[in-house]
Amino acid sequence: MNIIITSAHCIHAGTVTQSVNDPDTPNPDRWKKASEPVYKERINPMQLRRMNRLMKMSLYTALDAVAQAGLTSPDAVIVGTGMGCLEYTESFLSCIDENQEQTLNPSYFITSTHNTPAAQIALYMKCRGYNSTYSHKAFSFEHALIDAALLLDEGRASNVLVSAADEITPGYIRILKRLGSAADYGEGAASFICLPGSVKTEKRICRIIGAGTASSPEKARSVLSAIFKNAGIHPARVSLVLSGAAESGGERSEHDALLHAVGISAPAEQYKKICGEYHTSSAFALHHAAGIIGLKNSAEVVLICNVYKKNNYSFILVSKY
Amino acid sequence: MTDVFITGAGSISAAGDSVDDSLRAIRSLKTGISPISILESRHTGHFLAGEIKKSNENLAEMAGWDFSEPTSRTALLAMIAAKEAVRNIERADLKNPRTALISGNSVGGMGNTEKFYSDFRKNNDSGHLRDVICHECGSSTEQTALLLGIDGFSTTISTACSSSLNAILLGLRLIRSGAYDRVIAGGSDGLARFTINGFNSLMIYSNEICRPFSADRKGLNLGEGAGFVVLETADAAGSRKKLARVLGGANTCDAYHQTASSPDGEGAYEAMRLAMKSAAVNSADIGFIKAHGTATPNNDLSEGKAIERLFGNEIPPVTSTKGYTGHTLGASGSIEVIFSILAAREGFIPQNLNFNSKMPELSFAPHTGVSVPATPFILANAFGFGGNNTSIVLEICT
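Respectively, the protein sequence lines represent chains A and B. Read in order, the letters of the first sequence are residues 1 to 321 in the working numbering. Read in order, the letters of the second sequence are residues 1 to 398 in the working numbering.
Calculated directly from the structure, the hints in this document are not laboratory data. All C-beta atoms, glycine included, are put in the ideal place defined by N, C-alpha and C. Heads up, some of the hints might be wrong.
Claimed, not checked - Calculated cross-link-like contacts (lysine-lysine; reagent style DSS-like; alpha-carbon spacing at most 25 angstroms):
(1) B/218 - B/115
(2) A/296 - A/320
(3) A/310 - B/358
(4) A/296 - A/273
(5) B/241 - B/83
(6) A/309 - A/273
(7) A/33 - A/296
(8) B/95 - B/277
(9) B/83 - A/219
(10) B/277 - B/305
(11) A/219 - A/309
(12) B/53 - B/83
(13) B/305 - A/126
(14) B/277 - A/177
(15) B/242 - B/83
(16) B/54 - B/83
(17) A/310 - A/177
(18) B/358 - B/305
(19) A/273 - A/310
(20) B/95 - A/219
(21) A/126 - A/219
(22) A/309 - B/95
(23) A/200 - A/310
(24) B/95 - A/229
(25) A/177 - B/122
(26) A/177 - A/309
(27) B/277 - A/126
Claimed, not checked - Reference excerpt, derived from the structure (chain A facing chain B, CB under 8 angstroms, subset only):
(28) 91
(29) 97
(30) 123
(31) 127
(32) 131
(33) 132
(34) 137
(35) 139
(36) 169
(37) 173
(38) 174
(39) 176
(40) 179
Construct the complete structure from the given sequences, taking the supplied hints into account.
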């Protein structure tokens, strides 16, 4: 994989300007709510009224990324979302019950589908090109990136907007608690303009040189080795790992053993301390990695390694050059 | 470019539990649409739907899945169809990392989630958790991969009603990129109160049987099911019979309205035009068009206009198979591609059921009667909410 990221915008719970070694102040709530911008600065207020939070967050990041890249509309839109439009899904479910399946207002239903963020972005920017949505749990964003790389390779698009969007609701948090989850949950949206790796541009903020997913630690090792082999760089070149693994416990030791086995000895930062746990948190990590890479004398090769439910690993390898 | 063949197919819908049953239904013009009797809803007994008359427990038995493991109807249907599709493939070949699984669905485990939510809404400490843990779209794909023994790449696409056709298109692209030799691609969706009430609230759920491309059409009937195909290179296929070749495809966005299609069918037109371009076929080459044809006033008009614009005065036979199965949402694209291949291989074009009179706005009527496809090329459409339009072009192998 070889994609240039030329612009990025991310809405999340923390702030990305913190230095790598300065841990986030602990949040007493287990819900890390995204700090949302003033949407009407970018989105038409008339249209804003008809949007749910996930649509607003994703559209705002998309508009900013597109504008930063000097575009009015991308050639293609690909979105990853693990849970889709949770708030409106719950609202329509409540409507069905409250009104006993009669005389329902369709507005929650029509914007409850998982492809709503991608559709709204395309509609708002009048983008009639390729449009897809990946919803494969914690791999949703990585798979959107893999499709984008393929599309650019095929020459079907000269630029692709890749976005990620996940929201949380009080109901969702309650369910996660009942399921016994100990994680601090978060939410957010992020958008990136991707160009083919061969393009010469001044606007490059980082380069993605590999991405992959695996559903077992054994498989993860071969996927990660293949990423380095295909990228043509040695794992020892990694100077920072942005890790989505828990801080301690079995998941952590398995994660450390995996990285060690592949030959990575770089320090790891727990990026979920900032953004919280959610299906597309690796999009936050990519935005964070781009920020770090942009600093003077900073890491030049960053590996994003997410772990979800112990066995599911995903990787994004990011390079300065 | 690498040739990509379809060498296996599996399907379950109201038209039949297997590809053989489905073919019998299409050949004998037998609809699977009937009053809802399995799903528990206020509309049970009178709303018409393409419902598979089996409980989840029965479906689990068919799939060979341990029913004590939490799972959704969407997942069970996917497992049944995917298992049928791969019946001629060795377990070791499925386990090979060069085999991938791509599945599409629109509402994931909603059929269970809505049961959970009824209790949960009243009291946040109630509701059976086993009914909600399979909510995610990706859950059914994970379970299907587990049952089939696929541990290479697997993913889930959710582009509403074009989900499974996009899964086939991605499979084609991934094989052509050289990343995989074999992709099991398709999709599934189980009937749910959520979608029935959703489409009903939009006033496009017909209280009569759906009549695609008929002037008196009143809307759609929902359906449920799953369809999967095996996409392979010629090398990977070995001696397996090649049913069809996937020549190309395209995905576009209408960018017109969240749920409605543009009146001139711009997105549909572009999807079909670009699919034919990528397949290097001309409009005169197409033997028939397997339309999305939901029987809503808006879809059929918009799709019909797009077909007219693209094909001019030489419109090939156009058929919608929604009359057999109802609209199976995310599964419709792959199920209907399979129906088209099955029929065309037997030398006939699936008939568009329940047609009464030509739409005054269109120059053509859908295909009824018995006829042999004039060419081996099929153009297949699937369009969804959000303007997600996809078309692919297939060639039947002899």
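The hints, checked one at a time:
1. For the suggested pair residue 218 of chain B and residue 115 of chain B, the alpha carbons sit about 30 angstroms apart, so the restraint of at most 25 angstroms is broken.
2. Taking the CA atoms of residue 296 of chain A and residue 320 of chain A, the gap is near 11 angstroms; set against the 25 angstroms cutoff, the hint holds.
3. A threshold of 25 angstroms between alpha carbons decides the hint, and for residue 310 of chain A with residue 358 of chain B the separation of about 58 angstroms lies outside it, so the pair is violated.
4. At most 25 angstroms may separate the alpha-carbon atoms for a hinted pair to count; residue 296 of chain A and residue 273 of chain A meet this at roughly 24 angstroms.
5. Distance hint between residue 241 of chain B and residue 83 of chain B is fulfilled; the C-alpha atoms sit about 17 angstroms from each other, no more than 25 angstroms.
6. Pair hint residue 309 of chain A plus residue 273 of chain A holds up; C-alpha atoms about 17 angstroms apart against a cutoff of 25 angstroms.
7. At most 25 angstroms may separate the alpha-carbon atoms for a hinted pair to count; residue 33 of chain A and residue 296 of chain A exceed this at roughly 31 angstroms.
8. With a CA separation close to 35 angstroms, the supplied pair residue 95 of chain B and residue 277 of chain B exceeds the 25 angstroms bound.
9. A C-alpha spacing of about 23 angstroms is found between residue 83 of chain B and residue 219 of chain A, which places the hinted pair at or below 25 angstroms, so the restraint holds.
10. Proximity of residue 277 of chain B to residue 305 of chain B is assessed by CA-CA distance (about 19 angstroms); at most 25 angstroms being required, the pair is judged to hold.
11. Proximity of residue 219 of chain A to residue 309 of chain A is assessed by CA-CA distance (about 15 angstroms); at most 25 angstroms being required, the pair is judged to hold.
12. Of the supplied pair hints, the one linking residue 53 of chain B and residue 83 of chain B holds, its CA atoms being roughly 20 angstroms apart against a limit of 25 angstroms.
13. For a cut-off of 25 angstroms, the pair hint linking residue 305 of chain B to residue 126 of chain A stands: about 21 angstroms separates their Cα positions.
14. This hinted pair does not check out: residue 277 of chain B and residue 177 of chain A have alpha carbons roughly 51 angstroms apart, beyond 25 angstroms.
15. Proximity of residue 242 of chain B to residue 83 of chain B is assessed by CA-CA distance (about 18 angstroms); at most 25 angstroms being required, the pair is judged to hold.
16. About 18 angstroms separates the Cα atoms of residue 54 of chain B and residue 83 of chain B, which keeps this hinted pair within 25 angstroms; it holds.
17. Among the hinted pairs, residue 310 of chain A with residue 177 of chain A is consistent with the structure: their alpha-carbon atoms are about 17 angstroms apart, no more than 25 angstroms.
18. Distance restraint check for residue 358 of chain B and residue 305 of chain B: the Cα-Cα separation of roughly 13 angstroms lies within the 25 angstroms cut-off, and the hinted pair is therefore satisfied.
19. As the CA atoms of residue 273 of chain A and residue 310 of chain A are separated by approximately 17 angstroms, the hinted pair is consistent with the 25 angstroms bound.
20. For the proposed pair residue 95 of chain B and residue 219 of chain A, the alpha carbon gap of about 12 angstroms is at most 25 angstroms, so the pair holds.
21. About 41 angstroms separates the Cα atoms of residue 126 of chain A and residue 219 of chain A, which puts this hinted pair outside 25 angstroms; it is violated.
22. Restraint check for residue 309 of chain A and residue 95 of chain B: satisfied, since their Cα atoms lie roughly 22 angstroms apart, inside the 25 angstroms limit.
23. Restraint check for residue 200 of chain A and residue 310 of chain A: the C-alpha separation of about 40 angstroms exceeds 25 angstroms, so the hint is violated.
24. Our distance criterion of 25 angstroms between C-alpha atoms is met by residue 95 of chain B and residue 229 of chain A, whose separation comes to about 22 angstroms.
25. Taking the CA atoms of residue 177 of chain A and residue 122 of chain B, the gap is near 17 angstroms; set against the 25 angstroms cutoff, the hint holds.
26. Between residue 177 of chain A and residue 309 of chain A the alpha-carbon distance is near 15 angstroms, which keeps this suggested pair within the 25 angstroms criterion.
27. Restraint check for residue 277 of chain B and residue 126 of chain A: satisfied, since their Cα atoms lie roughly 23 angstroms apart, inside the 25 angstroms limit.
28. Contact between residue 91 of chain A and chain B, as hinted, is not supported at the beta carbon level, the nearest pair being about 11 angstroms apart and thus beyond 8 angstroms.
29. Using the Cβ-Cβ criterion of 8 angstroms, the hint placing residue 97 of chain A at the interface with chain B is satisfied: the shortest such distance is roughly 5 angstroms.
30. At a threshold of 8 angstroms, the smallest CB-CB gap from residue 123 of chain A to chain B is about 5 angstroms, leaving the interface hint in force.
31. For the restraint placing residue 127 of chain A at the interface with chain B, the shortest Cβ-Cβ distance is roughly 6 angstroms, inside the 8 angstroms limit, so the hint holds.
32. Annotation: residue 131 of chain A was flagged as interfacial toward chain B, and the flag holds, the nearest CB pair being 4 angstroms apart, inside 8 angstroms.
33. Of the supplied interface hints, the one on residue 132 of chain A holds, with its beta-carbon coming within about 6 angstroms of a beta-carbon of chain B, less than 8 angstroms.
34. Annotation: residue 137 of chain A was flagged as interfacial toward chain B, and the flag holds, the nearest CB pair being 4 angstroms apart, inside 8 angstroms.
35. A cut of 8 angstroms between beta carbons decides the hint on residue 139 of chain A: the least distance to chain B is about 7 angstroms, and the hint holds.
36. With a least beta-carbon distance of about 12 angstroms to chain B, the hint placing residue 169 of chain A at the interface is violated under the 8 angstroms criterion.
37. Annotation: interface hint on residue 173 of chain A violated; nearest CB of chain B at approximately 10 angstroms, more than 8 angstroms.
38. Using the Cβ-Cβ criterion of 8 angstroms, the hint placing residue 174 of chain A at the interface with chain B is satisfied: the shortest such distance is roughly 5 angstroms.
39. Interface hint at residue 176 of chain A: violated, since its Cβ lies 10 angstroms from the closest Cβ of chain B, which is beyond the 8 angstroms cut-off.
40. A least Cβ separation of about 6 angstroms between residue 179 of chain A and chain B falls short of the 8 angstroms threshold, and the interface hint therefore holds.
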